[in-house]
Amino acid sequence: MNKEVKDLDLIIIGGGPAGLTASIYAARAKLNMVLLENQLIGGQVRNSYTIENYPGFKVVAGNDLADSMVEQAKELGVKIEGFSKIISVKLNNDEKLIETKKFIYRPKAIIISTGATPKKLPIPKEERFLSKGIHYCAICDGAMYEGKVVGIVGGGNAALEEALFLTRFASKVIMIRRYDYFKGEKATLDEVLNNSKIEVMYNWDLVDVDGDDFVNKALIKNTKTGEEREIELSGIFGYIGTEPKTKLFKEDLKLTPYGYIITDDNMQTNIKGVYAAGDVRDKEFRQITTAVSDGTIAALAAEKYVVEKNR
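Under UniProt numbering, the first residue of the sequence shown is numbered 1, with each subsequent residue one higher.
To be clear, the hints were calculated from the coordinates, so they are not data collected in a lab. Misleading hints may appear alongside valid ones.
[As the list claims (entries may be wrong)] Derived pair list, reagent style PhoX-like, types lysine-lysine, alpha-carbon separation capped at 25 Å: (1) 85 x 120; (2) 30 x 74; (3) 102 x 79; (4) 6 x 272; (5) 101 x 6; (6) 132 x 120; (7) 245 x 283; (8) 217 x 197; (9) 148 x 221; (10) 79 x 309; (11) 304 x 74; (12) 90 x 254; (13) 6 x 30; (14) 148 x 172; (15) 148 x 120; (16) 172 x 221; (17) 247 x 90; (18) 90 x 304; (19) 197 x 186; (20) 119 x 283; (21) 90 x 6; (22) 309 x 254; (23) 250 x 90; (24) 85 x 254; (25) 119 x 183; (26) 30 x 309; (27) 245 x 272; (28) 125 x 217; (29) 250 x 119; (30) 283 x 304.
[Stated by the list, open to error] Distance windows between CB atoms, simulated: (31) 231 x 75: 46 to 54 Å; (32) 172 x 304: 49 to 57 Å; (33) 7 x 28: 20 to 28 Å; (34) 75 x 201: 44 to 52 Å; (35) 147 x 95: 53 to 61 Å; (36) 79 x 201: 45 to 53 Å; (37) 304 x 50: 33 to 41 Å; (38) 181 x 97: 42 to 50 Å; (39) 171 x 117: 27 to 35 Å.
Even for Gly, the Cβ is constructed at its ideal location relative to N, Cα and C.
Let the hints inform the model, and build the full structure from the sequences given.
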């Protein structure tokens, strides 16, 4: 059966803060558009239990902030195609085609805001113990470890914030840090270092985990001395960075060696009318506020492009 072809002004791929912000601006510009998201709308912001650095909110739950963005977009008339998996993408200066299970979309412009996923821990038994002691979302799985000892691997804000969150459940949180410093915000680091339920192990690296059906210990190695030892714990949460979701676009767009989309200051890629915003884009800082900024710029640039195409 031939699929229906839908001609649009704009398609936004990805429904995190960048994509939702872009949709709000596009809706206000009265563009004929659709937002495609193959997972839960709202993006990684939903993985943050509390957010304390988003302007206008002293403290806000990640889910609440995401819900507010989604509600605002819908009230403006944004059409959201949830759990809509993309089968193929064809991008060039003359034509853009996006095929899903139901339709073939032919938009004049595209904003890619697919975000990034957590990098897997590079240990031999990662796959064996995934969700059985190895996790990448404390908010999703932290409650499983009520009264137990857990570990965290990572050195950025995400690792620090999740360590604090896990103290709500775990009897002890061990931070396994391969260097003798962290890269997170000083205020968050100070809070971690002053928390009696958190132990920081500087200059140690995770080598592997072991257990029967579930993790019950971790093998760690000192990065200075080479000493190896085992520590007893029930779970490990990994926060060692992210990988961009760019597999669909690697044939058409210019990417960095790490897979992030290269754009100019207006969020435009190497193809006219194709923009990228948020964590999927090559940039130094990845925060909710920078994602929102990217989404704003991408939508305004896309609007200008569409208007010129329609003349």
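**Report entry** Numbered hints the structure breaks, given as an ascending list
**Finding:** none
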